[in-house]
Amino acid sequence: MSSSFTNIKQSHVFFEDAPGLKNYYENWAAGYDADLADQKWIAPRVAANFVHLLASAYGTPRTEIFDAGCGTGLVGSVLQTLGTYEIDGVDLSENMAAEARKTNAYRKVYGGVDLSVPERDERLSQYGIVVSSGVFTLGHVRPPALLALIEYATPGGLILVSTRGSYATETGFEEFARSPEVTARATLRFTMPDAGYIAEEGADYWVFRKNTSTS
301 MSSSFTNIKQ
311 SHVFFEDAPG
321 LKNYYENWAA
331 GYDADLADQK
341 WIAPRVAANF
351 VHLLASAYGT
361 PRTEIFDAGC
371 GTGLVGSVLQ
381 TLGTYEIDGV
391 DLSENMAAEA
401 RKTNAYRKVY
411 GGVDLSVPER
421 DERLSQYGIV
431 VSSGVFTLGH
441 VRPPALLALI
451 EYATPGGLIL
461 VSTRGSYATE
471 TGFEEFARSP
481 EVTARATLRF
491 TMPDAGYIAE
501 EGADYWVFRK
511 NTSTS
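So the mapping is simple: this note's numbering equals the position in the sequence shown, first residue as 1, plus 300.
What the hints contain is simulated information worked out from the structure, not anything from laboratory work. Here the structure is a predicted model, which means the values were calculated and not measured. Warning: the hint list may mix true and false statements.
What the hints assert, rightly or not - Below, a list of computed lysine-lysine pairs in the DSS-like style, where the Cα atoms sit at most 30 Å apart: (1) Lys402 x Lys340; (2) Lys340 x Lys322; (3) Lys309 x Lys402; (4) Lys340 x Lys309; (5) Lys340 x Lys408; (6) Lys402 x Lys322; (7) Lys309 x Lys322; (8) Lys408 x Lys322.
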């Protein structure tokens with residue numbers, strides 16, 4: 301078993317332990333990109349191209365993008381090659397956020413942001429597209445974190461989320477995505493099931509549109 305595979309698996313044990321997850325990523329930040337590349341993690345490229353498609357089809361030249369759980373900035377780095385975008389990012393880990401800043405793909409990057417907490421960071425504005433790649437996975441956040449992402453979007457804005465296959469099965473993500481708690485805030489517009497993610501397994505990609513009113 302390769303060390304990169306082991307490092308990824310060891311990150312999957314932190315449900316309900318945000319301090320432990322943050323500490324793990326603080327120590328993993330320097331080797332993260334190499335480990336994920338070794339395991340053929342293509343999720344950031346899939347997500348970035350999906351964002352580019354959504355921006356082209358539904359956005360405007362001024363559409364701002366929020367990368368929720370930006371990690372080392374892989375989604376932003378790909379987006380930078382696809383068009384001119386204003387991208388802000390947040391991550392639980394300060395060291396991962398520091399790596400993302402080095403890409404120069406982001407306007408602003410904030411570390412120390414726990415997406416499993418329902419309070420959103422009031423320093424940040426609202427966004428036409430919210431993307432979250434690699435966050436809804438084992439040992440990271442539970443499905444209700446989707447509610448926090450919806451809060452970052454403008455009314456009518458789009459939210460794109462990837463869910464690793466085993467995570468979606470274990471946590472009942474689809475049931476939550478279709479629950480009244482979510483539908484009161486956003487509408488599930490379409491999914492891209494069992495698409496590329498990592499060598500071990502695929503993921504589903506979900507696109508929600510934030511409701512323009514809560515009535």
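Checked hints:
For a cut-off of 30 Å, the pair hint linking Lys402 to Lys340 stands: about 22 Å separates their Cα positions. For a cut-off of 30 Å, the pair hint linking Lys340 to Lys322 stands: about 23 Å separates their Cα positions. Between Lys309 and Lys402 the CA atoms are separated by roughly 26 Å; this keeps the pair inside 30 Å, and the hint holds. The straight-line distance between the Cα atoms of Lys340 and Lys309 is roughly 14 Å, inside the 30 Å bound, and the hint therefore holds.
With a C-alpha separation of about 28 Å, the suggested pair Lys340 and Lys408 falls inside the 30 Å cut-off, and the hint holds. For a cut-off of 30 Å, the pair hint linking Lys402 to Lys322 stands: about 20 Å separates their Cα positions. Taking the CA atoms of Lys309 and Lys322, the gap is near 15 Å; set against the 30 Å cutoff, the hint holds. Taken as a hint, the Lys408 and Lys322 pair is honoured in the structure, with Cα atoms around 20 Å apart against an allowance of 30 Å.
Of the numbered hints listed earlier, not one is contradicted by the structure.
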